[in-house]
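Residue numbers (my numbering), protein chains in the order written: chain A, 1 to 767; chain B, 1 to 52; chain C, 1 to 260; chain D, 1 to 410.
Relax, there's no trap hidden among the hints.
Just a few of them, taken from the derived set where beta-carbon distance is under 8 angstroms, the chain A residues facing chain D: (1) Thr29; (2) Ile32; (3) Ala33; (4) Thr36.
Here are the simulated DSS-like cross-link-like pairs (lysine-lysine), alpha carbons at most 25 angstroms apart as the crow flies: (5) C/Lys47 <-> A/Lys704; (6) D/Lys248 <-> D/Lys11; (7) C/Lys139 <-> A/Lys70; (8) C/Lys174 <-> A/Lys70; (9) D/Lys325 <-> D/Lys83; (10) A/Lys125 <-> C/Lys142; (11) A/Lys316 <-> A/Lys285; (12) A/Lys516 <-> A/Lys564; (13) C/Lys9 <-> C/Lys176; (14) D/Lys366 <-> C/Lys230; (15) A/Lys681 <-> D/Lys366.
Read the hints as simulated data drawn from the structure, not as lab findings. We put the beta carbon where it would ideally sit given N, CA and C, even for glycine.
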Amino acid sequence: MKLDRRTFVQFSLGSAAGITLSPLPWKLTDDIAIWTQNWSWVPVPERGEVSSVNSVCNLCPGGCGITVRKVGDRCTKIEGRHGYPVNNGSICILGESGLQLLYGPWRIPSPLRRAGKRGEGIWEKISWEDAITQVVQKLRALRQKGESHKVACISGPNSGTVSQLFARFLKAYGSPNFVQMASGRDTEELAMGLMHGTASPVAYDLEHASFILSFGSGLIEGWGSPVRVIKAHSIWRTRNLKERATVVQIEPRLSRTAAKADNWYPVRPGTEAALALGLAHVIVKESLYEHRFIDNYTFGFEDWTDSSGGNHIGFKRLVLTKYAPEAVSQVTGLPPRKIIDLARKFAKAKRPLATWGRGKGSRQGSLYECMAVHALNALVGNINREGGICPQPEVSTRTWPEVEQDEIARSGFGMPRLDGAGTDRYLHVKYLPERLPQAINEQQAGAVQALLVHEANPYYTMLDSTAVAEAFERIPFVVSFSTYLDETAQHADIILPNHHCLERWEDFHTPIGLQKPILALLRPVVPPQFDTRHAGDVIINIAKRLGGSVAKAFPWKDYETLLKWTMGDKWNTLEKRGFVQEANYKPPAWEEAFKTSSGKFEFYVKALERQGASQPQDIRCLPHYKTVEPEGDHANYPLTLIPAESIRLANGAIGNPPFCTKALPDTVLKGNDLFVEINPKTASNYGLSEGDSIILETPKARAKVLVHLFEGIMPEVIAIPSGLGHTAYDEFLAHKGVNANKLMGVVEDPVSGLSATWGARARIIKV
Amino acid sequence: MFPFCFEWVNDAAHFVFMGSLYTVLGLVFVLLNYCGIRAFLDYLYEREVEDK
Amino acid sequence: MKDIHSEQKTYKFGMVIDLDKCTGCGACMVACMAENNVSFRADETDKLRSITWMRVYKMTNGLPFPDTEVCYIPRPCMHCEGSGHHRPAPCIAVCPATATDRDHETGIVSQIYTRCFGCRYCMAACPYHARYFNWWDPKWPKGMEKYLNPDVSPRMRGVVEKCSFCYHRFQRAKNKAYAEGRREIREDEYQTACAQACPAGAITFGDLNNPQHAVYKLKNSPNAFRILEKLGTNPKVYYLSTKEWVRRGVDHYLEEEAQD
Amino acid sequence: MDSALIPEGVKRCSFKKFAIWIGVLTIPTLWGIYAALLCWGKALNQTNLNDNFPFGFWIVADLGVIALGAGAFFTGFLRYILKIEELKNIVNFAVVIGVICYASALGILGIDVGQPLRGWFIFWHANVHSMLTEVAFCITCYFMVLCIEYVPLVLENRRIDAYRFFHFLSHRFHQAMPAIAAIGVFLSFFHQGSLGGVPGVLYGRPFAYRSGFLVWPWTFFLFILSAIACGPCFTLLITWITEKITRKQLVKKSVKETLAKIAGWLLASYIVLKIIDTIYWASSTAPRVGINFKSFYANQPYGIWVLITEVGILGIIPAIILITKQGRSNSALLILASFLNCAGIFMNRWIMTVQTLAVPVMPFDKFASYHPNWQEWATTLLPVWIGAMVISLSYRYLPIFPQERELNPA
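Sequences and hints are given; from them, build the entire structure.
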């Protein structure tokens, strides 16, 4: 057949018609649709046998019980454990994001050795054998040179056996420089130690309180054990109107807690102690205090005379003379009327309770402020009582045998601590983590030859990040035990990655603020996902390799053996139930409650007589208000910067997981730019409107941020979200926003030496 | 959607709506075929039609 | 829109959220994301393109410092009942491909991802912004797909998704009940992920028709209200608040309308 | 070169010139195709659309071009059903414009939906209660009808007509045209209305929601009326542009004026009804859900000026021009009025789509604004270039304008 144009056209038209009428197009249309429903790049979760494992979450000091739902060998969900005494089935935003931390790309897959410059992020994968050998060689060399005291160790604020292992290691090795990261409990322990004679954190009976006076505590922002406190908050809200608890929030910013409170009293940042003492003034003046307690179980309320005949003023005289509502009003900015009202309401409430610890309570804070707040609690007599406070109890475990130090260890351990804790200047504190970078920077190079970091991310979480970075520069050998590639790990020389908390055994002691002691057990829910090892095992291994008395201090085969040994008779219950609770624990009655030298609750803390000669002795020993002035003068830095903490934004050693970052409102972060909150009044003074770019500058650093106008913040105050500005981790967290810690310097508490920083002076420049 | 589909419901909405659709489609189909067939017949018999 | 299951036990699942208790902590948002395989991206700050089946809104009373007040409003899909056959939920009425429908057994407004072809008419119809479009292919960083829940299929790009009241949990509970020879599921057997996680216990979930369920009593409280009630969407999500400005703040009122 | 294809007795530019013209049009076309490929390949994040604006420029363009394309069915309706014989001189061109408009609408929808490959689910799993289903069914059917109306025009090409079969086929089609036009009219009235129903039924969106008659909200009827008011004007506008480009008069003035007069009266009645509707909506529909209609216009750029511009400047003014004899007999005014009319309808579609979504419904929600990005512009303008090509080709090779020979004697 000749193919001319006509035939061609006919043929084409014919075949087109033929194909159209055939089932082919229909079949294709259908197939394509089915293809779009089964794209290979959309994951199909594998099915498998469903099971669940109970454990404990240790992402924060809250210690919630968790139930991990598993499908096959995959963890698919973390839920609150039903019947668990802390959280009973509920869980917080961070805890339920835990699987993103477990499976995320920010995990460190194996031991790493730095291959590029510090912080450059170029790593070489090495074997565990190699990695440990290198650490051991370095430590051995230092020890042989008699420089064992030049090894420092920073551990998380957690009180479990792993932290203690590190402390023990340093002791056996021969260095005094074991430091735990800062937290609010440092100051609480100190205040309790001084006033009650029991150095433990404060346990609050929130559930039974009927009037909660919070001095800036972010009760529902992650303060204390977050889920437990939110649950208590719901109890306050549940009772019928008559019995409904009243919550009063003292804070310059309308935080979530302030928003949910019945009354929000904004005071100038840093003046909370003055208000507490002003309230005490009214309570004392109007004799609204609990006479039975004050008269019988306290010391230093009234003026007193010592054995040598010296006259001392008491708390009563102090507050009556110095903290009249008008004077306090001048300081705090709160009208006298409100102060008087608040004091009366507080004192007359059935079970009033004052809480201390700004934000999440993760910053140390001023000792006198803490004492002033607890003096309030003492005034209303709610010590060791229902709805009151008591020293936080612990479940006892077996004590490890004393470390037998060899000569090197003895001499190294005997050297003064770098941070100065325990010296005459800082008599009452164990560690001064926030002083450490400064101490390192002040001394000649080489004060610290090697640093071990465990469960902490000091490079990010410590105040004055610039100084911290400098201190790191001065340390030639940094070993990180981190699970994640955080900032500290990024600036380490060797990383010995720890198991994720869902992959390991560990003990967890009473969550912060709980009145009933609990001992709980983290257990491996899944086998290790990467080539990681338990930090406890690694440190035992290192000790054994170092040999001699160091090895002898660790008679246990491995961490699991040690844990079982330490838990003693509680192990079986722990393994079976996951926790041991002394549900019937009751704090001792007033008669036996106080272990102070006077045997009473001390308004006048005799132990402070020896310290801080800059002030008259009587004032020194009594809770009083003294401004903690941040760096910078008012003329140059007319504004005040405070951190804004949120439960949706983890600002501790654990980086915020992607889910939590996703849950952040768009008034915190826009792209990679951070918003700071400014009152519209202040903003209009600077000609700023919503979303404007500004340079925020403090004496420590400057940063470019965006303006978010918020009526809920005090004029002249700027709030910066705390927890962003990471430089490590991954694309889901790094380079988003600004690290608030960078902008704030360390302000040393004059008496304790702990960091009393609550903010910074600042100025803004419109760009 | 056809009346034998599992989602089909015997109600006014379906009758009216789908009914209209099928009517229209049917009409168009009939018209097209009518034109085509008539034209084909014209072509076969070379019928000259009066100009429009 | 079909009535063929008349012999079946039917429920009307709904939610009551106590705004006095809600602390705006966001646990519900993440519980939902974790349960329902919601994808995430490096930058989720554009909230107009961020999938959050459960989203916590913040409402302020508009007064200046220091009289400012704030209330948090968790907003799942309202699972609107609409009014009768002729006016179903706004989204159901408009979906051209019947990809969203009211489940006869549970009253849940469903969404069939594999059927949705992404016209987004339902999103235009929904006044609550409860519906979200997949503007991107969902991607999980390597290794993270391990935590995905096999009971919920991950969505593909170009389709609309929304809160399902954790429907798969209902099916799980129902299967269990049937296996145990029960026709009805118990209140505690079927709870949504957000209700389960909420640390404040602010979210109560259950059968609104069942007097034994907590939601039944709560929804009749004088403090109960719904968002945009006047539109007639008839949501199955109720809220509780003792604060007048909150109750009034979630709907429109003409100036002359007296305080209720 | 292609003289054998060009209709007899008319003058056309050289093939080279024509090829350059088509070539020029290809450039923006490729730009548009590139944008479309981006949207298909990388998903719809390539646009400025978001969860607050699930509908945007594309949907506006869809509603707009379908309204503008109404010239085809309405002229057909006047010509074949009302037997206004004079309009046979413009009906062909109206059909060409109609085909382009409807093809554009379908094409844009093909980019707009998230899963175009399963777009046919709208037919397979149809929800008969959805206005969009009605729209999809009608415009698909009507597009088919338009194609059938366009085919006889193609068959009239000299070369094709030379084939005897096509000659006969063309003839038979012409015979069937009134019936086809009738089907087209039926379909068109419905889908133009349904397009109005698309926003009108959104009872969760008080800005768009309208009460109505049976299942049809008032916007249903307003959209029909506005479409048939602007369709003919759009035909006139395109005719004018074609005349400008070809530098020839193609349609007699009397024909245009007839069409303009009809369009004018339709527009006038539309505007009256629109005002009544707006008053009723502002005074009754919106207050019933607690909303003072002023609050709809509280956020810029959607201030009250929107209403004034749409109804006043782009409605009342062209209506007055078109219904007065002096107005429409002045060519410049006629074109101005046609343009304002079309712009007004387009603006109406924008408002009913975008402003509806911009106005926050939950009182604690934030107002959001929207503007299309380049991908949306490029794809939305794609039909303009392709349309220009189709018109150019049709004009060159097909006897679209019966009066051309008479008006431009060789």
